[in-house]
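One-letter residues, chain by chain:
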Amino acid sequence: MRMFRDSFQGLSGAVIVQSQSLSGFPHYDEMIRRIEKLPTVRVAAPQIQTFGLINIDNQKNAGVQVIGLEIDKIGQINRFPQSLFRQYQGLIEAADDSKLDLSQEQRRSLRAQAAENLTKPSFALPLPAAAYDSRFPNRRPGTTPPSEWSGMIAGAGVLNIRKDETGKIVNRGEFLYRLPTRLTVINVSDRGTLDLTDKAERNYWIVDDSRTKVWQYDSNTVYVPFDLLQKDLNMAAVENSPARTTEIHIALKPGVKDLMAVRDEVEKIVAAVLEEKGVIMGIPPVVQTWEQSQAKWLGAIEKEVALVTTLFSMISVVSVFLIFCIFYMIVAEKTKDIGIIKSVGATSAGVAVIFIGYGCAIGIAGGAMGLALGWSVVHNINYLHQKMGDLLGIQIWNPEVYAFDTIPNVVDPKSAVIIVGVAIVSSVVGAIIPAMHAARLNPVDALRFE
Amino acid sequence: MHLISAESINKSFKMGDAVVTVLKDCDFAVKAGEFVAIEGRSGSGKSTLLHLLGCLDRPEAGSIRYDNRDIAALGDKERSAYRNNDFGFVFQFYHLLPELSVLENTLLGAFVKHSVGEWLRVRHPQREKAKALLEQFGLSHRLKHRPGQLSGGERQRVAIARALINGPKVLFADEPTGNLDTETGLQIMAVLNKLHTQGQTLVMVTHDRSLAKQADRTLLLRDGKLVSP
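Top to bottom, those sequences are chains P and V. Under the numbering used here, read the first sequence as residues 1 to 450, first letter to last. Under the numbering used here, read the second sequence as residues 1 to 229, first letter to last.
In case anyone wonders, no lab produced these hints; they're calculated from the structure. Among the hints, a few may not be true.
[To be verified] Below, simulated BS3-like cross-link-like pairs (lysine-lysine); rule was C-alpha separation at most 30 Å, straight line:
id, chain 1, residue 1, chain 2, residue 2
1, V, Lys131, P, Lys334
2, P, Lys334, V, Lys144
3, V, Lys169, V, Lys194
4, V, Lys31, P, Lys73
5, V, Lys169, P, Lys336
6, V, Lys131, P, Lys336
7, V, Lys113, P, Lys334
8, V, Lys194, V, Lys31
9, P, Lys60, P, Lys213
10, P, Lys336, V, Lys77
11, V, Lys194, P, Lys334
Bound conformation, chain V alone (with noise of 0.2 Å):
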């Protein structure tokens, strides 16, 4: 039984007067706690899948389904919620909001949930929940620091706890190491394996075949296609 499965989907973009076609008829299914890697060159379509199967966006046809829904054709109300509570990501570039600290950062999908009324009856134990995260990654210390004040690694472990202040059931991650050197990169993957053995369902974008690897499947996306390695 797949998680989250995606059938011809296509999406294509403006360069100018041309038109690119990123995706085509591309078909994609994970299974629940699986792991797969997607591979492919820069500009190949990577993370355009990954923010079409995560409702950061909607494809021109084809189906996403999840949780028995065709995802692609809900409206914004209940794609927002299903970023909110079923999926995480992880962005290259982090992605934090640099006014706020560590911990209000790992905190925004857990305040973004609950209206006001109902924040102020859950922030005591939503922050228990978001220091328990960070601690997990070794940021216990860094709570109140801005995303300025921290290496890169640290940002990354920071977006990794934001993702996951919810619980979701699928985490995608776009080059999580893209923008790390090798070493650091490499404490994200053991990051992001360690949450796999947890049972975390994942889903990684990367052009570095060697974290690939590590992946239980890895696909990789030609010609608007995904097809095995």
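One chain only, chain P, in its complex shape (with noise of 0.2 Å):
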């Protein structure tokens, strides 16, 4: 869950304003002047969301999920600069792979790129000019140079990087930065109105991939410069017509921990600005927190974990049974053993606090063990599914079903400490019933037990 969040808080704003159309809202540069004049407000930049088609290099056609992002921003407002193969992920790979002949130097110049790169995300060309150019040396004339063309960055999975069964990488290589794409976008009217015959095509270059681990975003998304796709969608400002973009990401000061009275006063600003430009909209656009707007997602995931601690609940509750009925065998197994020790001198209280205490050893070996076991399995369950690959050649783990393309492996100090505990309680708790059952034996009684 923790994952889940931390991963979806990582790509968009705090606070998100967002258009409940594709044709967004307009006055979006002077909400976000007024919004980055509250004092618990970092940054805020506009985002465009929208649907297309892509084409890269001829091979491959698909319907996308289209991203505007303002790269320079963007690093201000969530991690989605850390989910850069090329600008990122890769030069920190680099670094810390011990097989490459790097020296200390090297491999600490590789970490220093990708922390300046971090602040610094660019839609930048990585090649040399002619490296683009000549790829089409037979272009009409007057056409725009492909050294020229903007960069785009896709999602790992639409460029058919995957994880294969074993659990490696596949399909990664330089050559995909020299992919010449051609991206597709309906215009939308700012009246709403959709033309099937607008379209606008533009040529790009893939400069990065980008892997949030989150599947939604990584199997179907290009992100593009935000002006860009503003005026391929006829979403920029022309006369009578101001600019407009579906989205505002916000990212708040450090410490800033009330979100929603954040998104009160944004909701104030943007309906006082709509209202001042004389705008009136059907379906306003909608101010909501990171939660609000994943409600969904995070919604299906709180259930999950409900169902399962509700599953863990009854597998506890089995078990105090399971540990009741093993120390009512045991206390009648041991009867005469009560006896001989309540006739040199044990008293009832002392019979039952040795089957507690016993109760409670089991639960604190049977938890230490079962936390080591438990934390060794999750630390290393992705190697463990990718030896699984490796010798049976399955793939448990969907990323299709599960959201995220590796398994969730971090364990959670305050979940282990009270799942520990609860093994405590149960065993103590199924040992309570058999040591006062031994407590109140008659010591001749259990002496003549047989």
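The task is to assemble the complex, starting from two chains supplied on their own in separate frames and drawing on the hints.
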């Protein structure tokens, strides 16, 4: 659940203004100017979400979700730059790869470059101009030179970069960054009309791939510069028609916890700007915290967590009953021994303490072993999954079903402590009634027991 | 002055729908250092009397005085303390814990007497005391053996050592030779007699008149009362 929240939180602003229509809403720049004046807000940036058709090197045609973002601001809004392979993850992987013949200085340099790219991610083309222009030696005169096409960041799944059944990333190579790509989007007018004949096509080069680890994004999303997408969608400012966007993502200053209060303030600003500008929208943009925005996914996961917790509670009840049965059998089998211990002076309370202590010891030992085993399995779950793939050739974890492309493998210390605590308490609770039964045994009857 | 005395004690048991009275207004007394044998037929209530005197069971009526107190009316904690410190039991069927070694069985009463913290402090002198007792009974070569590896006589000697570990004022022996052959039984009686000569108060239950004769005084349990034979 925590991984899920972290991942979705890392993909958006803390508070989001969202249009409920593809045609977006106007005067976003004025809204941003006022929102950024709020003492709780660090930065706000527009973002456009729409749908498009992508053609990659005439080899793949697919429908995609298109996100237009202001790349220079995105690093301040969310953790999107960390998802980029060429500009971040690949550099970190290379710096950490002991098999690569790199000096310490080179490794430091790679890490420094990755850190810099986190704050300055870019759509810039990674190769020299000639590398791109040489792909189209016979281009028509007057058309834009390929080296001047914009860069596009594609979700790893869009480029068929995926994990094979052994867990290894496949299909990623330098050739990806030489792929000419055409993106087609459909214009949406400010009145909300959709004209399928009024399409915009633009050529891009793939400059990076993004692996956010959230399958819904990685499988079918491409990221392009905000201004280009805005222009292609006819959402840029023209005479008598202000520029539009579909979303504003807002990042808050460190330490600001009350997202709802910020949301309320932003909502007032949005309403005020639209009113001042005389914009009447049938369906106005909604202002939501990131949690409200992802409520559909978070709710589903919360229900799943509640279901699993219920299942484990039932297992706990069963384990209490099992411990009760086992201890009852132990007391029955040790009846004569209980009589012997009482005959040499053990009190009834002392006998009860022996069995409750025994239950507690079983709980502690079982809890510790369970914790060690559970931690080992969870910590290495992706490796184990990979090995299962190697040996059996099957992939149990389906990212399309579970939203993540890797199995969550972080043990929450608080949950671990609670689970071990419940194990100990369950053992003690299971042992209480047999212990009381043992304590109440008459020593003479116990000694005569056969 | 009596060390332990019982006045008008009654005890009965349910046998199905019937109620069988085994002790009826029974009186008993033993002086310090005395060796008393209680004789009687099987089922006459000898063992029951011993259990009542030794705080293992409670009478339905009457009082049992020890240490100037009616111990029959005390709570579990105090009665347990008497069982641990003042009374020692030797049973016909030894009643040793099979999982423990000879030394550990001997130390059982001492272990029960102390809290864990105290035990960590006193365990070494207690072990020495237990070893000395076992050596006295010719079992120093059997310290690490389990009860299952011992003969009947050896087991009973371990049971006597266990009963003596906390220096009881009274040693109750319930048919201590009843499960042994004649020769081994005589060896056990020799051990008990030796303890008596050292000043140990002994109350022994037996149905063997020849053994009962070795005591200072013999009482016969008949119709729920103790009488002179």
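Now for the hints, and whether the structure bears them out:
| no. | hint | in the structure |
| --- | --- | --- |
| 1 | Lys131/V to Lys334/P | holds (27 Å) |
| 2 | Lys334/P to Lys144/V | holds (22 Å) |
| 3 | Lys169/V to Lys194/V | holds (15 Å) |
| 4 | Lys31/V to Lys73/P | violated (100 Å) |
| 5 | Lys169/V to Lys336/P | holds (25 Å) |
| 6 | Lys131/V to Lys336/P | holds (26 Å) |
| 7 | Lys113/V to Lys334/P | holds (21 Å) |
| 8 | Lys194/V to Lys31/V | holds (18 Å) |
| 9 | Lys60/P to Lys213/P | holds (22 Å) |
| 10 | Lys336/P to Lys77/V | holds (20 Å) |
| 11 | Lys194/V to Lys334/P | violated (34 Å) |
The structure does not agree with the numbered hints 4 and 11 stated previously, though it agrees with the rest.
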